[in-house]
Amino acid sequence: MGLPAALIFSIFYFIPFLANLRYSLTKWDRITEPEFVGLRNFVNLLTNDDLFYKVLGNNLRFTFLVVLFQTLFSLIFALFLVKNSRVNVALRTLFFFPTILSSISVGMIWLFMYDPNFGAVNLFFTRIGLEQFALNWLGSESSALYAIAFTQVWFHTGQMMVIYIAGLQQIPQELYEAAEMDGASRWQQFRNVTWPMSIPTTIVVMAYTTIQSFRAFDLIFAMTQGGPNSSSNIFAVLIYQTLFNELRIGYAAAQSIFFILLLVFVTVLQRKFLNSRYEK
Amino acid sequence: MIYRISRIASLTLFALLIIIPSTIVVFGSSKSDAEVYNKPLALPERWNLDNFRFLFEISNVGRTFINSVIVTGFSVTLTLILSSLCAFAISRMITVTGKVLFSLFAIGLAIPGQVNLVPIYLLFLDLGLSNKLSGLVLINIVTTLPISVFILTAFFRELPKEMFEVSEVDGATPWRVYRSIALPLSRPALGATAIFLFVITWNELLFPLLLITDNDKRTLPLALLSFRGEFFSNYSMIFTAVMVASVPMVIMYLLMQRSFIAGLTAGAVKG
Numbered sequence: 001m002g003l004p005a006a007l008i009f010s011i012f013y014f015i016p017f018l019a020n021l022r023y024s025l026t027k028w029d030r031i032t033e034p035e036f037v038g039l040r041n042f043v044n045l046l047t048n049d050d051l052f053y054k055v056l057g058n059n060l061r062f063t064f065l066v067v068l069f070q071t072l073f074s075l076i077f078a079l080f081l082v083k084n085s086r087v088n089v090a091l092r093t094l095f096f097f098p099t100i101l102s103s104i105s106v107g108m109i110w111l112f113m114y115d116p117n118f119g120a121v122n123l124f125f126t127r128i129g130l131e132q133f134a135l136n137w138l139g140s141e142s143s144a145l146y147a148i149a150f151t152q153v154w155f156h157t158g159q160m161m162v163i164y165i166a167g168l169q170q171i172p173q174e175l176y177e178a179a180e181m182d183g184a185s186r187w188q189q190f191r192n193v194t195w196p197m198s199i200p201t202t203i204v205v206m207a208y209t210t211i212q213s214f215r216a217f218d219l220i221f222a223m224t225q226g227g228p229n230s231s232s233n234i235f236a237v238l239i240y241q242t243l244f245n246e247l248r249i250g251y252a253a254a255q256s257i258f259f260i261l262l263l264v265f266v267t268v269l270q271r272k273f274l275n276s277r278y279e280k
Numbered sequence: 001m002i003y004r005i006s007r008i009a010s011l012t013l014f015a016l017l018i019i020i021p022s023t024i025v026v027f028g029s030s031k032s033d034a035e036v037y038n039k040p041l042a043l044p045e046r047w048n049l050d051n052f053r054f055l056f057e058i059s060n061v062g063r064t065f066i067n068s069v070i071v072t073g074f075s076v077t078l079t080l081i082l083s084s085l086c087a088f089a090i091s092r093m094i095t096v097t098g099k100v101l102f103s104l105f106a107i108g109l110a111i112p113g114q115v116n117l118v119p120i121y122l123l124f125l126d127l128g129l130s131n132k133l134s135g136l137v138l139i140n141i142v143t144t145l146p147i148s149v150f151i152l153t154a155f156f157r158e159l160p161k162e163m164f165e166v167s168e169v170d171g172a173t174p175w176r177v178y179r180s181i182a183l184p185l186s187r188p189a190l191g192a193t194a195i196f197l198f199v200i201t202w203n204e205l206l207f208p209l210l211l212i213t214d215n216d217k218r219t220l221p222l223a224l225l226s227f228r229g230e231f232f233s234n235y236s237m238i239f240t241a242v243m244v245a246s247v248p249m250v251i252m253y254l255l256m257q258r259s260f261i262a263g264l265t266a267g268a269v270k271g
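Read top to bottom, the protein sequences are chains A and B.
Just so you know, we're using the working numbering here: the first sequence kicks off at 1 and counts up by one.
Just so you know, we're using the working numbering here: the second sequence kicks off at 1 and counts up by one.
Hints were generated in silico from the structure; no laboratory data involved.
Here the structure is a predicted model, which means the values were calculated and not measured.
Any given hint might turn out to be false.
[Said to hold, decoys possible] As a list, the in silico DSS-like pairs of lysine-lysine whose alpha-carbon atoms are at most 30 Å apart:
| id | chain 1 | residue 1 | chain 2 | residue 2 |
| --- | --- | --- | --- | --- |
| 1 | B | LYS99 | B | LYS39 |
| 2 | B | LYS132 | A | LYS27 |
| 3 | A | LYS27 | A | LYS54 |
| 4 | B | LYS132 | B | LYS217 |
| 5 | A | LYS272 | A | LYS27 |
| 6 | A | LYS272 | B | LYS132 |
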């Protein structure tokens, strides 16, 4: 009974996966015949491609920032809204709302918010007297990646918050009662009860956020297409551009393989780090 | 005291961060460009649907809307059928086959189908599936199968075994057990998965961008993206297009908040 699903998945996931390995060893533009070049694409990527390293750096920074802040904010909001009061439930519904929008819609909305002349972000900074923060957020190399990372966090914090709330509500109430009897402060309760008890949820939130940040293709494509000067480019966008704008199929395939390795590396690293915390 | 102040301050701040942009978009779809730029947060001078009328006149956004409905409808339905069958098989088979099937999709979950950009593009060109809605349905099924199989397998495993065993003793075929026991019992899980799939399929951009070049085969996110190029910084039109793409989802969200939230977090929790 599982056969149809397994079959479709094997044909359109695993076979392309293997085909990708084969393409990565060729030089091909779909106009002339593919030429076998061995590992030259990989060597070029590693030794002769500044863009590759730039994108790698961007991707790591983007993922790190998004995972850090999305996890932090969603935990904070979850702590604030964990009780099922009417106001809290309404706020949860509001905070969750961006999650249902498409990345393109979110991208369009924030394009306007970040607009250097008319956007609400700069309007806000000017009004409160911080003109030095009224930047061309998406148009300048130093801020574009961070501006998009902020939007990504805005986009999905509510979703992660709901996951945290579900986790926090599982913590036995007696633990808090016992802590209160011992005269533990709010911070001590968090430190000794909430945080250790919510590590399994943290693992889930961080893993999901990581994958999400690697998939931020849509948002970046809608907002900056990786620009200016590749300062907000990440792997998914780079591969697309190498394939479509440059028609370098083999090279794009080799980039995809690095993308996969990076994904696996980050995931394994994270699991190791969090599992060691968990076991303590 | 510090706790209460920081709580109220941060909750208010984030609430405003969501309410303000949403208001700008909703109001903006009734405004002219000048109005959007000069008074983004003010109520529109006159509530009207002119922008919508104009958008539907000059573009084929209606067509892309229907395409999105077709693609999403077929993708979600077929994925649900395939993944529930597969999850049922996995949860009922403690044998090697079940484990193999499960790890097959576990790999797909860890390494998303998006990494296959290059080979999928070439394969679909060769098979003549580019520029076809059926091609989009197919690739949507492939990319969403792992997560749906995961959610549903976790659910099936929690169902009491006895229920299945009794009917197997009575000589019911697996197919019958699936149809008359597993499916009816798993309505909530199927519902949650359906919503999850609905949202990600409706909003999917990458593969449509990769596979569709024909204007009449575009889906909504793709049309939305092209409006950015066409209207450039003509935000009243862009906001109108954002409304067209989002309103169906928002209405459903408001009507079924609980199921939406359950569905969109099931993927993360169970996965």
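Legend entry - Pair hint B/LYS132 and B/LYS217, alpha-carbon separation not exceeding 30 Å: With Cα atoms ~7 Å apart, B/LYS132 and B/LYS217 stay inside 30 Å; holds.
Inset, instruction - Below or equal to 30 Å on CA atoms is what counts here, so check A/LYS27 against A/LYS54. - result: holds (23 Å)
Inset, instruction - Take the C-alpha atoms of A/LYS272 and A/LYS27, compute the straight-line distance between them, and say whether it is at most 30 Å. - result: violated (38 Å)
Inset, instruction - With a cut-off of 30 Å on the C-alpha distance, tell me whether B/LYS132 and A/LYS27 pass. - result: holds (28 Å)
Inset, instruction - Decide if the proposed pair is consistent with the structure: A/LYS272 and B/LYS132, CA atoms, cutoff 30 Å inclusive. - result: Given pair A/LYS272, B/LYS132 is violated - Cα atoms ~43 Å apart, limit 30 Å.
Legend entry - Proposed proximity, B/LYS39 with B/LYS99 (alpha carbon, max 30 Å): This hinted pair is violated, its Cα atoms lying about 60 Å apart.
Checked against the numbered hints listed earlier, the structure breaks hints 1, 5, 6; every other hint is satisfied.
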